[in-house]
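Engineer: Sequence:
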Amino acid sequence: MATRLAAVLSSRLKTLSISQNNNSRVLNLIQKRTMVCQETGALLPKPEKTPLGLTKVAIVVTPFLTLGTILGREGASFLEESEIFVPDDDDD
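Using the numbering used here, the first residue of the sequence shown is number 168, and each one after it goes up by one.
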């Protein structure tokens, strides 16, 4: 059980190799999937893919970014109208 857990964890982690050459370090990050079959010999299923992942991110980010922009603009105009914060005009 422990060896199987170690195999799963090692397949999920990135390997890091450090080589020193004249006091400089070179880092190579490699992600690999070492476990492709089960102990019985059956192949593991392909990793899941998220369909339209970038589109979903854009659909979520756009309205909240717009809402934050509107709230910031309205808040700044309220502070300026109430004379709580008035930006100085720099005359150069």
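Calculated from the structure, these hints are not laboratory results. These figures come from a predicted structure and were not determined experimentally. For every residue, glycine included, the Cβ atom is placed at its ideal position computed from N, Cα and C. A couple of the hints might just be wrong.
Straight-line C-alpha distance at most 20 Å; calculated SDA-like pairs for lysine to any residue [unchecked claim]:
1. K223 <-> T207
2. K223 <-> L234
3. K216 <-> V227
4. K216 <-> T233
Ranges between beta-carbon positions, derived for each pair [to be verified]:
5. K223 <-> F252: 32 to 40 Å
6. I237 <-> T217: 26 to 34 Å
7. S249 <-> V224: 47 to 55 Å
8. G235 <-> M202: 39 to 47 Å
Engineer: Decide, hint by hint, whether the structure agrees.
Structural biologist: A quick look at each hint next to the structure:
1. K223 <-> T207: violated, 38 Å
2. K223 <-> L234: holds, 18 Å
3. K216 <-> V227: Judged against 20 Å, a Cα distance of about 19 Å means the pair holds.
4. K216 <-> T233: violated, 29 Å
5. K223 <-> F252: 32 to 40 Å: holds, 38 Å
6. I237 <-> T217: 26 to 34 Å: holds, 30 Å
7. S249 <-> V224: 47 to 55 Å: At roughly 37 Å between Cβ atoms, V224 and S249 fall outside 47 to 55 Å, so the hint is violated.
8. G235 <-> M202: 39 to 47 Å: holds, 43 Å
When held up to the earlier numbered hints, the structure conflicts with 1, 4, 7 and fits the remainder.
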